[in-house]
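Novice: Please put together the full structure from these sequences, using the hints given.
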Amino acid sequence: MIANLPFIAVALLIGIALATILLKKNMIKMVMGLAMLEGAVNLFLVTLGYRENGIAPIFTNAPEGADMVLPTVQALTLTNIVIGVATTALMLVLVMVIYKKYGTVDADKMRRLKE
Amino acid sequence: MNVLFDNLPALLIAVPLFCAFLLPIIGRFLPQIRDAWIICASFAASLIAVITAFTVYTKGTIVYAFGAAAGSPAAPIDSGGIPFRIIFTIDGFGAFMLLSAAIVSFAVVLYLVSSQKERSGKSEFYALYLLLTAGIFGMVSTGDMFNFFVFLEINSLAGAALVSYHRRGGIAAEGALKYLIVNTVGGLMVLFSIGLLYAQYNSLNMAVIASQMTLSTLNIIALVLFITALAMKAGSVPFHFATPDAYSVAPSGITAVMIVASQAGLYGLFRILFTLYGDTFNTVTLGWIIIVLGVLSMVIGVTMAIPQKDVKRLLAYHAVSQTGYMLLGVGVALAVLGDPVAMASYGQTAMEGGLFHIINHAMYKGLLFLAVGAVIYRTGVWSLNKMGGLGHNMKWTMIFFLIGALAIAGIPPFNGFASKLMIYESVFAFNPALSIIAMVVSILTLASFMKVFHSMFMGPQLPEYAEVKEVPKLMIAGMVILTIFVIGFGLFPDLVVNNLVAPAGDALINKGAYITAVLGGGL
Amino acid sequence: MIGDLLTGYGFWNPLVWIAVMVTGLLIAWLIWRCGESDYDKGTEQTKPYLSGNDEPEKGAVHIRGGNMYWGFTHALKGYYDKLIPLHSGVVNDYLAWFLIGVIVIFVVVIMV
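Chains as they are written, first to last, in our numbering: chain A, 1 to 115; chain B, 116 to 638; chain C, 639 to 750.
Keep in mind that a hint or two might mislead.
In silico SDA-like pairs for lysine to any residue, Cα to Cα no more than 20 angstroms straight-line [as the list claims (entries may be wrong)]:
hint	chain 1	residue 1	chain 2	residue 2
1	B	K584	B	N508
2	B	K424	C	I701
3	A	K24	C	I738
4	B	K424	C	I722
5	B	K424	C	L714
6	A	K109	C	S726
7	A	K24	C	L714
8	B	K424	C	L721
9	C	K696	B	H507
10	A	K114	C	V728
11	A	K25	A	G15
12	C	K696	B	L561
13	A	K29	C	L737
14	A	K109	C	G727
15	C	K679	B	L126
16	C	K720	A	L113
17	A	K25	C	H725
18	A	K114	C	N730
19	C	K696	B	T494
20	C	K720	B	P353
21	C	K696	B	K588
22	B	K510	B	K588
Which stretches of chain C does chain B cover? Using the computed rule of at least three CB atoms under 8 angstroms from a CB of chain B, they are [as the list claims (entries may be wrong)]:
hint	segment
23	647–656
24	669–676
25	714–722
26	730–742
No lab work stands behind these hints: they were computed from the structure.
Keep in mind that this is a model prediction, so the values were computed, not measured.
Each residue gets a CB set at the ideal place from its N, CA and C atoms; glycine is no exception.
Specialist: Right, here's the structure in full:
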């Protein structure tokens, strides 16, 4: 049960993030919800690599016969964090431009592109 | 010279990236050569892609391991049969998509160099454009799942930044924001599925996962998330809502390249359905899901296009509708994948029709967007209620638009007719109702384009457009390249289908061939 | 050079189409040659005939794009009244459709 705790946390985080994205109309809150969704997927990836009583995956001076956690998922997570930074930055810039031109960040009011 | 030919897949990504990163420096210190630089860079990238595609067509699947010595297998002998480098696997289907991306991206560069002449921020614009090209080339060549995700995100980011370039009072930022939000959620779902697959099979390589794939609940969850996210990238109903928003506010040349980027998403969908999962599950159910998505896209796309007044939004809804044709053709092939008799009699033709439609759509939709962009460039309006009688002034644009409109409606002898004929006849053998819906949609497409053609080009010359001139020659050159392919593919359809499309169809149907090419000998 | 495209149930050869179009254009040109060639440009002989009424100004003659398929849109009003509000332009609705799609496809794949 304790070993499943991170997965339950991932499920909760994804649920909260999806609820934020679907229900909040303020664009800044929606970008926050997307950042939370990204954090949830990062947590999921790191948890996949965990091995019980594992040590950091470094070969130099490693103790004999010890399990190591998987390093590949850590590389995936780092890449995803960088992608997330770029995406969040671009989204916030677009929200700022919309605020400057429309005067609002409410999703119900920025509907000039409809039908 | 041999070094270059051995490392072609690496050059496919390296050349656009390197030229993209040099562009801001050139723009700062030597702005006179910027236009020449972007044309040469795009030409070099397209040339490498075409040479790679022809190498694949003549010599078979290319498997390239990054960082290994030339000619070493993907799974080194001392690793126990596990490929542990990032590999590029370019088989028939990948080569096919590379061809279409190379042609469209070069033709659009010729158009953009002329239409962006008076704008500011051109260095970053062309740098993002080369990044988008590198993203498309990488997405259709890679053999590694996480690499596919990284290129998918490069596509979304570069595409969204390019869509928002001409601000036009904030409306372009709105379209780009919606596109970026929807694509980011899709990308995160793809990453979640990749994590699920990695946890079970401990490998990110597509061939290794494909050879060990079984049917379990986790794999079904991963499959559903993949289908939804990549169908959203391709722009199929009911995930198409952000597509017309983004396509209608982007600069016209960029929309033509974003169509190729969305078709790269379609490449990912077919690769996952056919090669990764193959016939480990009930293909009839999944085939019917893809067919239903395709039929919905066709019908809703064209019926939303008819009452539109914004001409680029109308073209974007038609892009949604034509994606439905591709999904319909390949969905029929997926549904009969387990049945060899039906596959030989109509499944192969349905698959080839759907795949042929991919390259045809890139050609004629690119041509249509470039022609409409030329009209908007000269007149400055994009509402159909204000245009009229432009055929008197812009004769060449009218001819190219007419060729594109006839091609999309499926009128012989253009290329749309050849692929639509293959789809109609094979889908009719599968289920007659689907084929009849496809034909009605084709008639409505023709109706909608007659409306656009009449209201833009026909009629008396209006007084407010009396001094509108023809567009510069470089834009016409871009349109001419696409027209050559539209007419050429229409006049020689059997050559194209036998040499370009049939290897792509065979590569998808034969899951074992892909695995053997990477892992070397036996499943 | 221009060969047959086999579709499994028939074939399509662009040469056939080219032959038919060339014949058709030839017949059209022969008919056009039999027309009147002596007329005065710019006088009453080249103006459109509108039952004796005056020709309206150029901007009012041209039918604008938005009005063109009014009959089609009006006949399918029930369908369009449900479809067009769905494309609302609100981003939250786009993502709600995404989620509905995931759940529906998942249920269909599990059940069938």
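Novice: Does C:V728 lie within 20 angstroms of A:K114 when you go C-alpha to C-alpha?
Specialist: 8 angstroms, holds
Novice: For C:K696 and B:L561, compute the direct alpha-carbon distance and say whether it is at most 20 angstroms.
Specialist: 27 angstroms, violated
Novice: Test coverage of the segment 647–656 of chain C by chain B using CB-CB distances below 8 angstroms; three residues minimum.
Specialist: Answer holds; 6 residues pass the 8 angstroms Cβ test.
Novice: Quickly compare the C-alpha distance for B:K424 and C:L714 to 20 angstroms and report which way the hint goes.
Specialist: The hint holds at about 18 angstroms.
Novice: Would you check the hint for B:K424 and C:I722, treating anything up to 20 angstroms between C-alpha atoms as holding?
Specialist: 14 angstroms, holds
Novice: For the pair supplied as a hint, B:K510 and B:K588, confirm whether the alpha-carbon distance does not exceed 20 angstroms.
Specialist: Within the cut-off at roughly 13 angstroms; holds.
Novice: Within a Cα-Cα threshold of 20 angstroms, do B:K424 and C:L721 meet the stated pairing?
Specialist: Given pair B:K424, C:L721 holds - Cα atoms ~16 angstroms apart, limit 20 angstroms.
Novice: Need the status of pair A:K25, A:G15: alpha-carbon distance at most 20 angstroms?
Specialist: 17 angstroms, holds
Novice: Please work out if C:K696 and B:H507 have their alpha carbons no farther apart than 20 angstroms.
Specialist: 13 angstroms, holds
Novice: Given the hinted pair C:K696 and B:T494, is their alpha-carbon gap at most 20 angstroms?
Specialist: Between C:K696 and B:T494 the Cα gap is close to 18 angstroms, so the pair holds against 20 angstroms.
Novice: Tell me if the straight-line CA distance from C:K696 to B:K588 falls inside 20 angstroms.
Specialist: 30 angstroms, violated
Novice: Below or equal to 20 angstroms on CA atoms is what counts here, so check C:K720 against A:L113.
Specialist: OK: C:K720 and A:L113 at ~18 angstroms, within 20 angstroms.
Hints 7, 12, 15, 21 and 24 from the earlier list are contradicted by this structure; the remaining hints agree with it.
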